[in-house]
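The lines below spell out each chain.
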Amino acid sequence: MARVVVDVMPKQEILDPQGQAVANALPRQGFEGISQVRQGKRFELEVADDVDDDTLARIAESFLANPVIEDWSVRRVES
Amino acid sequence: MSAAGARIGVITFPGSLDDGDARRAVRRSGASEVSLWHADADLRGVDAVIVPGGFSYGDYLRCGAIAKFAPVMTEVVRAAERGMPVLGVCNGFQVLCEAGLLPGVLTRNEGLHYVCRDQWLRAENTTSTWTTRYEPGADLLIPVKHGEGCYVADESTLDEIEGEGRVLFRYVDGNPNGSRRDIAGITDARGRVAGLMPHPEHAIDPLTGPTDDGLGMFLSALDTLVPA
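Respectively, the protein sequence lines represent chains D and U. Per this note's numbering: the first sequence = residues 1 to 79. Per this note's numbering: the second sequence = residues 1 to 228.
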């Protein structure tokens, strides 16, 4: 078994209202100097050894992310 | 085929909310309603399909993202490719975009608030299967209720949709969600698959909605299915 992390982030050109709301709240909490926040998702998958990178990419591309608005990356953190 | 002979299917997913109102709108238009279940791998011989609003499978991954893999949606995609009229409302619009039947995607409302109000729309395309009953430029008052209705696509896709006259409705008197170019609803290239965020099925009778402006969508489809 391997642990695979898939990170999904809104594309840079896509408005991210959730990230903006967090960014706007930071100064109110007394945290200065943070100009931008982007909010995304992280998926952790326990994956059998015979699942190849191509399959993982297809899972990310067709299901976990919507490539119209999101970028994704896949990495194996343990094997 | 008589009007009562036109069979319009309404899909129920776990989490669907507006399937009951959609079936009521189908009945009111004069067609026969057919209930379809998400696990059905058979459209039961319907002539058109409505994917209603709600929160299919809890919308846990993204709105509509899990529903696109439902057995019934596999059949809907096949039928749509053969030309069957399909209407997606709210969550149904999200499902049709995720399934690739319509371009673009619906994202979180720009203001981050869930919006529930009666909304003015302008009818732009009145030649699609679902909009022939409207006059071009007609203003309609139809409820919106959604948290993720901001229509987004890349600029070239937006230009293409506009250039081909595929914007069905545009928000007027205020855009509730930040949707690009005030787009409230679009159609596919053939004008048979339609999606919109506002709820025509909640505006079929002034007793229970702000107007009956939404009924025209169901009557339009019936006109196509039952040639006069």
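I should point out that these hints are in silico values taken from the structure, not numbers from a laboratory. One or more hints might be untrue.
Okay, derived cross-link-like pairs now, EDC-like style, lysine to aspartate or glutamate, Cα gap no bigger than 16 Å in a straight line [what the hints assert, rightly or not]: (1) K11(D) / D71(D); (2) K145(U) / E110(U); (3) K145(U) / D118(U); (4) K41(D) / D59(U); (5) K41(D) / D71(D); (6) K11(D) / D42(U); (7) K41(D) / E78(D); (8) K41(D) / D54(D); (9) K11(D) / D59(U).
Structure-based check of each hint:
1. Proposed proximity of K11(D) and D71(D) is supported: the alpha carbons are some 6 Å apart, at most 16 Å.
2. With a C-alpha separation of about 14 Å, the suggested pairing of K145(U) with E110(U) holds against the 16 Å cut-off.
3. Restraint check for K145(U) and D118(U): satisfied, since their Cα atoms lie roughly 9 Å apart, inside the 16 Å limit.
4. A distance of roughly 14 Å separates the Cα atoms of K41(D) and D59(U); the hinted pair therefore holds under the 16 Å criterion.
5. For the hint pairing K41(D) with D71(D), the CA-to-CA distance comes to about 11 Å; that is within 16 Å, so the pair holds.
6. This hinted pair does not check out: K11(D) and D42(U) have alpha carbons roughly 37 Å apart, beyond 16 Å.
7. Of the supplied pair hints, the one linking K41(D) and E78(D) is violated, its CA atoms being roughly 20 Å apart against a limit of 16 Å.
8. Between the alpha carbons of K41(D) and D54(D) the distance comes to roughly 21 Å, so the proposed pair goes past 16 Å and is violated.
9. Our distance criterion of 16 Å between C-alpha atoms is broken by K11(D) and D59(U), whose separation comes to about 21 Å.
Hints 6, 7, 8 and 9 from the list above are not met by this structure, while the remaining hints are.
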